[in-house]
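Note that the protein sequences, when read in sequence, are chains A and B.
In our numbering, each residue's number is its place in the first sequence (first place is 1) plus 1.
In our numbering, each residue's number is its place in the second sequence (first place is 1) plus 90.
Just so you know, the hints here were simulated from the structure itself, not pulled from any lab data.
Heads up, the beta-carbon is just placed ideally off N, CA and C, and yes, glycines get one too.
Keep in mind that the hints are not guaranteed to be accurate.
To be verified - Not everything, but these chain A residues come out facing chain B in the computed CB check (under 8 Å):
{"#": "1", "residue": "Ala109"}
{"#": "2", "residue": "Ser113"}
{"#": "3", "residue": "Gly131"}
{"#": "4", "residue": "Pro319"}
Stated by the list, open to error - Simulated crosslink set (DSS-like; lysine-lysine; CA at most 30 Å straight-line):
{"#": "5", "chain 1": "A", "residue 1": "Lys90", "chain 2": "A", "residue 2": "Lys295"}
{"#": "6", "chain 1": "A", "residue 1": "Lys133", "chain 2": "A", "residue 2": "Lys228"}
{"#": "7", "chain 1": "A", "residue 1": "Lys6", "chain 2": "A", "residue 2": "Lys238"}
{"#": "8", "chain 1": "A", "residue 1": "Lys133", "chain 2": "B", "residue 2": "Lys137"}
{"#": "9", "chain 1": "A", "residue 1": "Lys295", "chain 2": "A", "residue 2": "Lys238"}
{"#": "10", "chain 1": "B", "residue 1": "Lys113", "chain 2": "A", "residue 2": "Lys228"}
{"#": "11", "chain 1": "A", "residue 1": "Lys228", "chain 2": "B", "residue 2": "Lys137"}
{"#": "12", "chain 1": "A", "residue 1": "Lys196", "chain 2": "A", "residue 2": "Lys238"}
{"#": "13", "chain 1": "B", "residue 1": "Lys113", "chain 2": "A", "residue 2": "Lys133"}
{"#": "14", "chain 1": "A", "residue 1": "Lys196", "chain 2": "A", "residue 2": "Lys6"}
{"#": "15", "chain 1": "A", "residue 1": "Lys228", "chain 2": "A", "residue 2": "Lys238"}
{"#": "16", "chain 1": "B", "residue 1": "Lys288", "chain 2": "B", "residue 2": "Lys271"}
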Amino acid sequence: MPVKKETLLEMYWTMLLSRRLDERAWVLHRQGKIAFHISGIGHEATQVGAMFALHRGVDWIAPYYRDLAMLLALGLTPREFALGLMGKKGEPMSGARQMPSHWSLRRANVVSHSSPVATQTCHASGIGLGIKMRGDSAVVLTSLGEGSTSQGEWYEGVNWAAIHRLPVIFLVENNVYAISVRQEKQMAVENVVDKAAGLGLPGVMVDGVAILEVHAAVEAAATRARKGEGPTLIEAKVERMTPHSSDDDDRTYRPREEVEALKQRDPLPIFRAYLVEKKILSEAQDKEFQGRAKEEVEDAVRFATDAPYPEVETAAYPVYAEDVRRG
Amino acid sequence: MAEITLIEGVRQALDEELARDEKVFLMGEDVGPRGGVFRATLGLFEKYGAERILDTPLAELSIAGVGIGAALYGMRPICEIQFADFIHPAFNQIVNEAAKMCYRSNGEWTVPMVIRAPYGGGIGGGLYHSQSVESFFAHVPGLKVVIPSNPYDAKGLLKSAIRDPNPVMFFEPKKGYRLIKGEVPEGEEILVPLGVAKVSRPGKDLTVIAYGMMHHYCLQAAEAVSAEGIDVELVDVRTLLPIDRTTLIQSVRKTGKALIVYEDNRTLGYGAEIAAILAEECFADLDAPIRRVTGPDVPAMPYSHPMQDWFLPDAEKIAAGMRELAAY
Chain A
2 MPVKKETLLE MYWTMLLSRR LDERAWVLHR QGKIAFHISG IGHEATQVGA MFALHRGVDW
62 IAPYYRDLAM LLALGLTPRE FALGLMGKKG EPMSGARQMP SHWSLRRANV VSHSSPVATQ
122 TCHASGIGLG IKMRGDSAVV LTSLGEGSTS QGEWYEGVNW AAIHRLPVIF LVENNVYAIS
182 VRQEKQMAVE NVVDKAAGLG LPGVMVDGVA ILEVHAAVEA AATRARKGEG PTLIEAKVER
242 MTPHSSDDDD RTYRPREEVE ALKQRDPLPI FRAYLVEKKI LSEAQDKEFQ GRAKEEVEDA
302 VRFATDAPYP EVETAAYPVY AEDVRRG
Chain B
91 MAEITLIEGV RQALDEELAR DEKVFLMGED VGPRGGVFRA TLGLFEKYGA ERILDTPLAE
151 LSIAGVGIGA ALYGMRPICE IQFADFIHPA FNQIVNEAAK MCYRSNGEWT VPMVIRAPYG
211 GGIGGGLYHS QSVESFFAHV PGLKVVIPSN PYDAKGLLKS AIRDPNPVMF FEPKKGYRLI
271 KGEVPEGEEI LVPLGVAKVS RPGKDLTVIA YGMMHHYCLQ AAEAVSAEGI DVELVDVRTL
331 LPIDRTTLIQ SVRKTGKALI VYEDNRTLGY GAEIAAILAE ECFADLDAPI RRVTGPDVPA
391 MPYSHPMQDW FLPDAEKIAA GMRELAAY
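Working from the sequences, and respecting the hints, build out all of it.
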């Protein structure tokens, strides 16, 4: 289905907001105001395209740490993200227990994930099993990087979904690098989708910089899943335009010319140019978006800076479901 | 009142909870038409169908991981790991995911799931069908760890575990599956609360603390030494995490002597924590050092019968420990 103009603008806005927040987080780290940031710069088109192809709030999401734009598309606010960066009270993902960008958002069916990679693949298949057992119409999307597909967890989780034809979309955001290790040292196959045949599910490769290509692929996979036809593996080729995290320095393993060339594959100007060319976005409108993004980011940073830390005593809870204390 | 085996207690609990709550389902290797390699799920496939009694791929980490996902969605999975020895590939999912889910999401997400696994030796199972793994998991806040020692508790504790809103590790003494029999009333709901130990044999001379198969042998040993005038009080731990400190402390304060028995390797076995609790809480009440009867510190249990017997604590070795401590 063609995407409506208003929706395209909303998608662009979400990408833009994610980019500005992400950039601001790098600055906060360099200023010594936060302990850690892990970046999604370069992945925004894939994440936003995928989310706008789902029934947000109805479908389930098992994401990974690079998915800031995905979470914003699902309703995470800049203020909430900033609370997470600073470990402040009211952070909705973990109550400031987890490192930044370790997502969870119950109100949007986003399940909590950890730092060990690919564990969420099995959770997604379990959610898919639950959906199938209850006869519900939801689908579940889980995301991860190409390096994470080396984990046994990934193979086992995908295998389950394929055997039981579960309504799961496995979205691999392939940026070629797992911290410093290139894809050639992760797998002998050329593409992650080449693994799909061995696991018995369709594999679809898309250009992850082309937001509408991602949108169409996820929409088709969701339709398939809702019809009971089973899971799909989608590989989106994206670029990691920054080091792995605030603690990484990619100069030791990534040639500068390669990093420079990535600018040609930056999804944000590519999508902006498309919208301008199609006369969906005017220069004036873009300027307004840029101004609003800056305001929202600064508001979020101010809000989180002024917010209190959690009371230390709350670190003792909740170990068990019985001692969940809200407030 | 009918006399049933420990494994029949397990089977009845599964059957009753499957009938009670349609969100409950079983998954594991060979749990379907085969009824489980020990027959704990016998007849359940025929009764509840392939949708609720799932034969899984031969891959333990995904048995746990898929179970976690289903629990997040609101289901009540009961996962069977065929032997506790095979649980190690699932360690990451159990320890990093299930156990930490509630805490790391500040209570937004919980994992109501049971993982059952037969544990322990004495059946000629060698290194990889004999292990005791309870200490690995009892070290992890967020999990509950339960081990029954008799058919009544097997049924009542498992039913409570299935209704519990947390991930519960339920380890079953496989040697006792058919060896340990007991009276279990028919036609009534049996729920044994988690987190409560039980004084299974009152006595005044010394306290003996055990769980699972070792509890069974402790009962036999206590009977043997009672003929010699040694009056043993036996405490069945039942829930290892969270532990019922009160029952343990009260008993040792009364008797002034504590013998802890476990089948696992001696070093950092579960009884080491019990000894630490008693040392902290009962120092002034103790008339003798805290003593242990345990498995040895070798990597695992050998297959050959005499070597297996060398590894395992039994009624005779436990009785010797009781006599020694009583005489102190």
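Hint by hint, here is what the structure shows:
1. Ala109: 11 Å, violated
2. Ser113: With Cβ-Cβ at 4 Å, under 8 Å, it holds.
3. Gly131: 3 Å, holds
4. Pro319: 4 Å, holds
5. A:Lys90 with A:Lys295: 24 Å, holds
6. A:Lys133 with A:Lys228: Given pair A:Lys133, A:Lys228 holds - Cα atoms ~11 Å apart, limit 30 Å.
7. A:Lys6 with A:Lys238: 25 Å, holds
8. A:Lys133 with B:Lys137: 20 Å, holds
9. A:Lys295 with A:Lys238: Given that 30 Å is the threshold and the Cα spacing comes to 29 Å, the pair holds.
10. B:Lys113 with A:Lys228: 23 Å, holds
11. A:Lys228 with B:Lys137: Holds, at about 28 Å.
12. A:Lys196 with A:Lys238: 15 Å, holds
13. B:Lys113 with A:Lys133: 12 Å, holds
14. A:Lys196 with A:Lys6: 36 Å, violated
15. A:Lys228 with A:Lys238: With a Cα-Cα distance of about 27 Å, the restraint between A:Lys228 and A:Lys238 holds, given a limit of 30 Å.
16. B:Lys288 with B:Lys271: 18 Å, holds
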